[in-house]
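Each chain, letter by letter, is given below.
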Amino acid sequence: MSEQQITDIIEKYRGRPGAVIHALTEIQHANHWLPREVMHEVADALEVPFSQVMQIASFYKTFSLTPKGKHELHVCTGMTCHLRGGARLMAKVEELTGLKPGETDTDAKFSLEAGSCLGSCSIGPELIVDGKHYGRMTPERAADVLKQYD
Amino acid sequence: MNDAIVQITLQIDGKEATVPAGTTVLKAAQQIGVAIPTLCHHPKLEDYGGCRLCLVEVESRGRTNYVVSCLYPVENGLVVRTRSEKVDKVRRVIIEELMAHAPDAPELVRLAYEYGADRNRFEKEAAFCVMCGLCVRYCDEVKQKHAVGFIDNGHAREISFIPEIAATECWSCQECFAICPTSYAQAAYLMTEALAFPGRRKKESAPRDAAVERLADIPAVPMTFVKRPPASEPELAK
Ligand code: SF4
Ligand code: FES
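Chains as they are written, first to last, in this note's numbering: chain A, 1 to 150; chain B, 1 to 238.
Treat the hints as calculated values from the structure; they're not laboratory data. The C-beta atom is built at its ideal place from N, Cα and C for all residues, glycine as well. Some hints here could point you the wrong way.
[As the list claims (entries may be wrong)] Subject to a maximum C-alpha distance of 25 Å in a straight line, what follows is the list of computed DMTMM-like cross-link-like pairs (lysine to aspartate or glutamate): (1) Lys27/B x Glu75/B; (2) Lys15/B x Glu57/B; (3) Lys109/A x Glu94/A; (4) Lys100/A x Glu47/A; (5) Lys145/B x Glu113/A; (6) Lys61/A x Glu158/B; (7) Lys100/A x Glu140/A; (8) Lys145/B x Asp44/A; (9) Lys68/A x Asp152/B; (10) Lys143/B x Glu47/A; (11) Lys68/A x Glu75/B; (12) Lys145/B x Glu41/A; (13) Lys145/B x Asp130/A; (14) Lys89/B x Asp13/B; (15) Lys109/A x Glu47/A; (16) Lys100/A x Glu75/B; (17) Lys61/A x Asp44/A; (18) Lys143/B x Glu140/A; (19) Lys89/B x Glu125/B; (20) Lys70/A x Glu47/A; (21) Lys86/B x Glu75/B; (22) Lys61/A x Asp152/B; (23) Lys143/B x Glu41/A.
[What the hints assert, rightly or not] To list a few chain A residues with every Cβ distance to chain B over 10 Å, as calculated: (24) Gln4; (25) Pro49; (26) Phe50; (27) Ser51; (28) Gln52; (29) Lys68; (30) Glu72; (31) Thr80; (32) Arg84; (33) Glu94; (34) Lys100; (35) Asp105; (36) Glu113; (37) Glu140; (38) Asp144; (39) Tyr149.
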């Protein structure tokens with residue numbers, strides 16, 4: 001993610017206070033997190049107080065105020081996935097990545113999150129990588145999935 | 001077109017009030033001298049409706065309802081009861097809940113006495129802030145500095161001073177300290193000061209902070225350092 005890309009996103013919304021969420025969402029998707037300086041730039045360009053940008057950025061779980069990995073892993077810990085072995089899947093993913101839910105590795109390759117019911121109970125237990133759903137996931141197959149990402 | 005302001009007549013605790021349309025029940029009550037307890041309301045700020053303490057019973061077209069008076073607009077023929085058994089009970093619970101967060105806030109202590117609230121009813125979770133938003137709204141609406149805002153959501157929501165802004169704006173203002181019902185705004189600011197721009201309080205004294213001025217006169221205690229024997233060279237692995 002180049003600085004130019006962030007600047008382009010911000011420029012697109014310059015002078016539009018109502019578009020804070022749009023600007024932040026685009027930056028989050030492109031950059032995986034919202035550095036503080038970037039939020040200051042958003043505040044200045046969109047003409048909203050920085051405190052309001054902070055309020056929005058800290059309110060929604062979509063936004064991350066700390067660096068996130070290039071690939072976002074979600075393991076569902078909802079009831080159905082749990083009954084179908086979600087906890088074992090989570091343990092395996094934790095072992096493979098060396099991460100606990102909420103953490104990011106030092107190479108910023110993976111971030112791991114636990115989600116409670118990610119909406120696809122029928123194919124649980126679920127592992128989601130960058131929005132791609134891997135259903136009926138077994139601890140054994142998790143390693144093969146993660147290998148595809150670098 | 002007739003643009004004379006429409007007047008509305010309603011009844012509050014048996015007294016008649018006539019006020020312009022759009023007035024809130026709380027303002028109408030204040031105008032005729034009926035007191036309704038409030039916590040998050042401030043005459044200089046936009047109506048907010050955050051604390052729910054100002055809840056009253058309203059009766060209109062035969063139906064009884066419970067509404068927050070600081071937001072509810074007057075209606076013709078509305079009958080308002082600011083104290084009823086149910087209103088008092090709900091208010092008491094609200095006070096008890098707020099006291100789990102700020103057990104010693106003077107306004108809450110006084111209200112607890114008046115409504116017979118038990119400050120220990122709910123397990124203490126002393127966050128000291130009752131989320132009335134007065135500090136945030138005062139800084140936004142009156143001072144327009146936006147130095148303090150809400151962050152996070154739900155259970156973790158809290159007020160937070162923005163160090164970059166607080167460093168330049170708060171020193172000469174500090175007006176939110178006085179409107180905060182719990183003194184938490186002051187505590188949060190001082191914590192921000194201590195973390196983000198420490199030392200200033202010792203060098204300069206805040207404008208109307210006489211106590212701090214006096215402290216600055218006291219000569220600093222000279223610090224003494226105990227010399228430690230130098231650590232022996234670590235053995236390098238051969
Ligand atoms: S710090 Fe005080 S004024 Fe600010 S929201 Fe909390 S209780 Fe209200
Ligand atoms: S004063 Fe009405 S809700 Fe707080």
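For each hint, the structure was consulted:
1. Lys27/B x Glu75/B: Within the cut-off at roughly 13 Å; holds.
2. Lys15/B x Glu57/B: holds, 15 Å
3. Lys109/A x Glu94/A: holds, 14 Å
4. Lys100/A x Glu47/A: violated, 38 Å
5. Lys145/B x Glu113/A: violated, 36 Å
6. Lys61/A x Glu158/B: Answer holds: Lys61/A to Glu158/B is near 16 Å, not above 25 Å.
7. Lys100/A x Glu140/A: Measuring from Cα to Cα gives roughly 19 Å; hence the hint holds.
8. Lys145/B x Asp44/A: This hinted pair holds, its Cα atoms lying about 14 Å apart.
9. Lys68/A x Asp152/B: holds, 18 Å
10. Lys143/B x Glu47/A: Holds, because 17 Å separates the two Cα atoms, which is no more than 25 Å.
11. Lys68/A x Glu75/B: violated, 53 Å
12. Lys145/B x Glu41/A: Holds, at about 17 Å.
13. Lys145/B x Asp130/A: violated, 39 Å
14. Lys89/B x Asp13/B: holds, 17 Å
15. Lys109/A x Glu47/A: violated, 34 Å
16. Lys100/A x Glu75/B: violated, 57 Å
17. Lys61/A x Asp44/A: The hint holds at about 23 Å.
18. Lys143/B x Glu140/A: violated, 60 Å
19. Lys89/B x Glu125/B: holds, 22 Å
20. Lys70/A x Glu47/A: Outside the cut-off at roughly 30 Å; violated.
21. Lys86/B x Glu75/B: Judged against 25 Å, a Cα distance of about 22 Å means the pair holds.
22. Lys61/A x Asp152/B: holds, 9 Å
23. Lys143/B x Glu41/A: Holds. Lys143/B to Glu41/A sits at ~22 Å (cutoff 25 Å).
24. Gln4: holds, 25 Å
25. Pro49: Given a closest Cβ separation of 3 Å, the condition is violated.
26. Phe50: The claim breaks: Phe50/A does not keep its Cβ more than 10 Å from every Cβ of chain B (closest is about 6 Å).
27. Ser51: violated, 3 Å
28. Gln52: Check fails; 7 Å does not lie beyond 10 Å.
29. Lys68: holds, 18 Å
30. Glu72: holds, 20 Å
31. Thr80: It holds; Thr80/A is separated from chain B by about 24 Å at its closest Cβ, greater than 10 Å.
32. Arg84: The claim stands: Arg84/A keeps its Cβ more than 10 Å from every Cβ of chain B (closest is about 29 Å).
33. Glu94: holds, 24 Å
34. Lys100: holds, 19 Å
35. Asp105: Non-interface label on Asp105/A holds, nearest chain B Cβ at 25 Å vs cutoff 10 Å.
36. Glu113: Fine: 17 Å to the nearest Cβ keeps Glu113/A off the interface.
37. Glu140: holds, 37 Å
38. Asp144: holds, 37 Å
39. Tyr149: holds, 30 Å
Taken one by one, the earlier hints fail for this structure at numbers 4, 5, 11, 13, 15, 16, 18, 20, 25, 26, 27 and 28, listed in ascending order.
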